[in-house]
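> Protein sequences appear in the order of chains W and X. For the numbering used here, count along the first sequence from 1 and bump the result up by 1. For the numbering used here, count along the second sequence from 1 and bump the result up by 1123.
Be careful, since some hints might not be right.
As the list claims (entries may be wrong) - With a straight-line Cα cutoff of 20 Å, these simulated EDC-like cross-link-like pairs (lysine to aspartate or glutamate) come out:
{"no.": "1", "chain 1": "X", "residue 1": "K1244", "chain 2": "X", "residue 2": "D1222"}
{"no.": "2", "chain 1": "X", "residue 1": "K1231", "chain 2": "X", "residue 2": "D1209"}
{"no.": "3", "chain 1": "X", "residue 1": "K1244", "chain 2": "W", "residue 2": "D134"}
{"no.": "4", "chain 1": "W", "residue 1": "K105", "chain 2": "W", "residue 2": "D134"}
{"no.": "5", "chain 1": "X", "residue 1": "K1270", "chain 2": "W", "residue 2": "D151"}
{"no.": "6", "chain 1": "X", "residue 1": "K1231", "chain 2": "X", "residue 2": "E1281"}
{"no.": "7", "chain 1": "X", "residue 1": "K1178", "chain 2": "X", "residue 2": "D1209"}
{"no.": "8", "chain 1": "W", "residue 1": "K106", "chain 2": "W", "residue 2": "D134"}
{"no.": "9", "chain 1": "X", "residue 1": "K1244", "chain 2": "W", "residue 2": "E164"}
Said to hold, decoys possible - Covered by chain X, per the in silico footprint, the following chain W stretches (three or more residues, Cβ under 8 Å):
{"no.": "10", "stretch": "66-80"}
{"no.": "11", "stretch": "101-115"}
{"no.": "12", "stretch": "119-126"}
No lab work stands behind these hints: they were computed from the structure. The structure displayed is predicted, hence computed values, not measured ones. Note that the Cβ used here is the ideal one computed from N, Cα and C, for glycine as well.
Here is how the chains run, residue by residue.
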Amino acid sequence: MRRWLKYVVFLSFVGIWSGVQARAQFSNPAPGPLSATTVPQAQLMQASELAKLLKAGGPDRPVVFQVGSFVMFQQAHIPNAGFAGPGSQANGMVLLKKLAAPLKKNQLIVIYCGCCPWGRCPNIGPAYKQLRDLGFTNVKALYLANNFGDDWVSKGYPTERGE
Amino acid sequence: MRINRLLVLLTCALLSIACGGIAEPTIDGAPKVAPQFVRPDLNGHQINLKRYRGKVVLLNFWATWCASCQMELPRFDAWQKQYGKDGLQVLTVSMDDGDAPVRKTVRKLRLGIPVVMGDAKLGQAYGGVLGLPVTFLIGRDGVVVAKIKGETDLGALEVRLRRLLTQ
Chain W
2 MRRWLKYVVF LSFVGIWSGV QARAQFSNPA PGPLSATTVP QAQLMQASEL
52 AKLLKAGGPD RPVVFQVGSF VMFQQAHIPN AGFAGPGSQA NGMVLLKKLA
102 APLKKNQLIV IYCGCCPWGR CPNIGPAYKQ LRDLGFTNVK ALYLANNFGD
152 DWVSKGYPTE RGE
Chain X
1124 MRINRLLVLL TCALLSIACG GIAEPTIDGA PKVAPQFVRP DLNGHQINLK
1174 RYRGKVVLLN FWATWCASCQ MELPRFDAWQ KQYGKDGLQV LTVSMDDGDA
1224 PVRKTVRKLR LGIPVVMGDA KLGQAYGGVL GLPVTFLIGR DGVVVAKIKG
1274 ETDLGALEVR LRRLLTQ
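Build out the structure end to end from the sequences listed, making use of the hints.
Here it is as structure tokens:
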């Protein structure tokens, strides 16, 4: 009986250990220092809210920048959004700075990416910080939980293709 | 006595499964023929999807800035080595804007699987690749069996792949 119990305990340990190892190996890496999760909650904008603002137009219409990959931008982007380059790369930061330069510091700017699930997006955090560091006081990040396809396109919000 | 043993065994099995964390992946798999493409891989070899008819193709869209993709690629590479003889062909498409970081990542991860550069046209042909990773399983007849969006449960995917390979 004892032998049997030892065997069972050993097998349980093996099962638990391999499960934990598999999780450690293939689970999500920790978010980087400037992941999207560093954007304050109050500065997030929901898709429905942005869609409403875009539809309304007028003076409250925000300036929208996509801060992800160009290949993604070409496939589909928010109408009239500017391509500002990936926030995680130096060339993206240069382009974002250039595009934002003519804007008033209190202009409502909405940045979005949607390349990856929110917690793993490498572009939103650095782009948000860059705009704040440049003195922009009204910057919002579009919260896309999974990606642009699932959280914007599939929900029927407007898009356009190309450059 | 037997019941006690059975209970202990059941508890162990449940504990192991719970710690393994098997989650159902998001699978959106309307069957359709995989859109054809011919593109050079990073080594200059022409990759023609049509040439892989008769094989099970795992087609993965990824990018260097996608953390989840980096975790999947080594496993896909290992599967190619393991199941290649059974008729598996792994093909990967990078959705990066340029090939320099892709080459670096391929070297870093020591990938032997073909990598072609994607673009908006290829993404749109596959229904829009607007979030990464995305993996397609294509049957031996060229029909898309599954589209797996987001992080893949690699264990479940391997089971599915093995099932396809035996069909």
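> Does each hint hold? Answer for all of them.
Results of checking the hints against the structure:
no.	hint	verdict
1	X:K1244 / X:D1222	holds, 17 Å
2	X:K1231 / X:D1209	violated, 27 Å
3	X:K1244 / W:D134	violated, 36 Å
4	W:K105 / W:D134	holds, 14 Å
5	X:K1270 / W:D151	holds, 14 Å
6	X:K1231 / X:E1281	violated, 24 Å
7	X:K1178 / X:D1209	holds, 9 Å
8	W:K106 / W:D134	holds, 11 Å
9	X:K1244 / W:E164	holds, 13 Å
10	66-80	holds (count 7)
11	101-115	violated (count 1)
12	119-126	holds (count 3)
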